[in-house]
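For the protein sequence lines, the chains are A and B, in the order given.
Be aware that the first sequence starts at 1, since it is given in our numbering, and climbs by one per residue.
Be aware that the second sequence starts at 1, since it is given in our numbering, and climbs by one per residue.
Just so you know, these hints were derived from the structure itself, not from any lab.
Hints may contain errors.
Interface residues of chain A toward chain B, partial, derived using beta-carbon atoms under 10 Å [unchecked claim]:
{"#": "1", "residue": "Ser28"}
{"#": "2", "residue": "Arg65"}
{"#": "3", "residue": "Ser210"}
{"#": "4", "residue": "Thr214"}
{"#": "5", "residue": "Arg293"}
{"#": "6", "residue": "Pro363"}
{"#": "7", "residue": "Asn364"}
{"#": "8", "residue": "Ser367"}
{"#": "9", "residue": "Asn390"}
Pairwise CB distance ranges, derived in the manner of DEER restraints [what the hints assert, rightly or not]:
{"#": "10", "chain 1": "B", "residue 1": "Ser233", "chain 2": "A", "residue 2": "Arg112", "range": "43 to 51 Å"}
{"#": "11", "chain 1": "B", "residue 1": "Ser270", "chain 2": "A", "residue 2": "Lys420", "range": "50 to 58 Å"}
{"#": "12", "chain 1": "A", "residue 1": "Asn390", "chain 2": "B", "residue 2": "Asp80", "range": "35 to 43 Å"}
Note that this is a predicted model, so its numbers are computed, not measured.
No residue lacks a Cβ here, since even glycine has one placed at the ideal position from N, Cα and C.
So the chains spell out like this:
2 protein chains.
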Amino acid sequence: MKLGENSRIEIIAVGNELLTPYYQDTDSIYITQRLNDLGIEINFKSIVGDSRDDLADCISSSLVRSDIIFLIGGLGPTEDDRTREVVASTLGKKLIFEEKILNKIRQRFELRGFEMPSVNNKQAYIIEDSSILENKHGTAPGLWLEAGDKLLILLPGPPHEIKPMFENYVWPRFLEFQKQFVARRVLKTSGLTESKIDSILLDVYPLQPSVNLTTLAYPGQIELHLFSRSMESHKKADEALNDLEYDLQKRLGDNIFSSSGEELEEVVGSLLRQAQKTLSIAESCTGGLLGHRITNVSGSSDYFQQGVLTYSNDSKVQLLNIPYDLILQHGAVSHEVAKAMAIGIRKISGSDIALSITGIAGPNGGSPEKPVGLVYVGLSWEGDVEVAKNIFLGNREIIKTQSSQKALDMLRRHLLKYQKKR
Amino acid sequence: MKLGENSRIEIIAVGNELLTPYYQDTDSIYITQRLNDLGIEINFKSIVGDSRDDLADCISSSLVRSDIIFLIGGLGPTEDDRTREVVASTLGKKLIFEEKILNKIRQRFELRGFEMPSVNNKQAYIIEDSSILENKHGTAPGLWLEAGDKLLILLPGPPHEIKPMFENYVWPRFLEFQKQFVARRVLKTSGLTESKIDSILLDVYPLQPSVNLTTLAYPGQIELHLFSRSMESHKKADEALNDLEYDLQKRLGDNIFSSSGEELEEVVGSLLRQAQKTLSIAESCTGGLLGHRITNVSGSSDYFQQGVLTYSNDSKVQLLNIPYDLILQHGAVSHEVAKAMAIGIRKISGSDIALSITGIAGPNGGSPEKPVGLVYVGLSWEGDVEVAKNIFLGNREIIKTQSSQKALDMLRRHLLKYQKKR
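Bound conformation, chain A alone (with noise of 0.2 Å):
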């Protein structure tokens, strides 16, 4: 193994369709999340097509400047599949029949009742001197070679293949040259803005050079990413994360919904769970995001009861009983017809919860007074209830998110209240 404090990793995905527009590169994502887990971090991607001169002139420059080469696809039994050849013919290696590998993939298509086909001949042939790393879900082996001072591992395209073999034959090799250990956390916070959140951290930042924070901004959803090292072990390297987390969760409270990786509609299915507490929604300019969000849950038939997306102004009368004068005085899209909304589908359905939401998702239909991206955000409950009114920014696509992330968002942090009160 060729893993030292220095050496420099590459990963080379072979393959035209990644040269196009419509095929990304999901396999170096994969191998580089693993190998960071162990500390261990990646310097080169290279993406090059099958070609066999653009093959051979990647390889030759990966080798000048990499130690550590991982040379995904260009394995399978086609014309266009020559990873192995150019790897050989770069090193000036030959090529090797193993009559044992030959008979496992012919056994495959035994297994299924077929005939194997000439041209899967060709996966037999591995490189002189390379070891080989078992395929088990494909008929494609991978291939272990180390040459000179430089190690290449040569691993299927198929996400199918090459996880499994990734992670039972190149992951425990890798391990016992972990450099570091590493812990991550994710944080979610709803309710503040970036730039809120940014100044709220500004201090936090530089803490320790072992510990990084990364805000990534969503529609309605701010994610803090903590990410840390340690030399001596995987606990070292969570406890620094538990004291950076003590400090955010300081800092943002109630605004911070989760800290290992639910999203928002399950936290709030949680907390209804929790509170035995049944709900119901009335949705018009989302029409259908949020009981949709909600229904993402498995389970969730236990809290949800039933929603009605009015759509149209008879709809709001006629499913919801709210009048009509109120809604030719106030407008569909107010604070009025909001709590109308709210109060009427608690009372009709019987749940013990209610969430509405009224708004011009655009890009038509907003005028001076009422702008696109204005939204009201109803919440209804024994006794009450509450209305927001928002402006927000982006396509209709954008406000939907954003509208049923503001009413999962209320109804998260009034069920807070309850689990406060026990």
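For this one, chain A is given, so just place chain B on it according to the hints.
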């Protein structure tokens, strides 16, 4: 310009974040797409971090194997933005201070009422012999550098900066060297499986070498991507696609729902508008996804009136007047209940047409008789009702998506009958 018949083109994306699992290099996909439009292909893509040595290694390797090199990113004002200086030192060229660039950067800041931070000074340095590509959307100018028989093009990383710069200053120079004319078209289908489509198209594939057909599969939607090249003109390339589309339309007929980019919900929206019909919906297992998709189309309030999310049995009785006995007898997921839901919501809303969905999205709630993925979709219109039984495979999200797709497709096929009657 160094673009000839055999020019090899490489894109290098620069930045530590691109070597983490969290960021995808999307700029290179954009450039690939735009050059592909001219029949020009990319031979290599490389990704490298901000380290001076790694960047120098990467550029050196590229200079050996490529003729034209795009360098994206690393032109910002901070310490780790090093593309300019590393390109200069690798080529043995000087960095030259340009007063007029500094003035432009300073003006950008002053326009917003800020003083220019001193770090931005470094962005006013250009590489000897290069020409400036103006940046109207940021502080970092791009550079066009012909060095011996190589061409290097340095562009900023932020998508809203690189795109206009590429379109205004880079694209026109490549246009002169257009190798081929290219045309693209996407035919979207619903209602057929990928293997069914493959078998129908078996003898279509080996058409002309200048025309290419790729099949991409999504839940409930198979897309045919058509691509053609001509040495003569765009018109010729487009005509070749006309011939292929004619053949495909003949074989696939009404299974093709769009040939100019529209999503299924947009096609359904246009058909509803043409037929002057209104729509209401009743969703159970999709929980709002169908309504969300319908209302993703701007102007959908013209035909979409209302929906109900009848998740609980009680709500089916209460909102849709479905007899409780019917649910007890057949179960909530049944032909009979789907039918009653479609008839019920049509009657309550007064809409011309109604859709209903009831099914088991999983992962829990299945049984041997009614497995996860069993979904009934109902369509009701004046005088009749139709119910389709489906068994969808996949996780909760995929089953919800396929269910909404099936409902929209049933409605589309129904609306096509009105068109044909005319």
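Status of each hint after checking the structure:
| no. | hint | result |
| --- | --- | --- |
| 1 | Ser28 | 9 Å, holds |
| 2 | Arg65 | 4 Å, holds |
| 3 | Ser210 | 17 Å, violated |
| 4 | Thr214 | 8 Å, holds |
| 5 | Arg293 | 8 Å, holds |
| 6 | Pro363 | 6 Å, holds |
| 7 | Asn364 | 6 Å, holds |
| 8 | Ser367 | 15 Å, violated |
| 9 | Asn390 | 18 Å, violated |
| 10 | B/Ser233 with A/Arg112: 43 to 51 Å | 48 Å, holds |
| 11 | B/Ser270 with A/Lys420: 50 to 58 Å | 51 Å, holds |
| 12 | A/Asn390 with B/Asp80: 35 to 43 Å | 38 Å, holds |
The structure shown violates the earlier hints numbered 3, 8 and 9.
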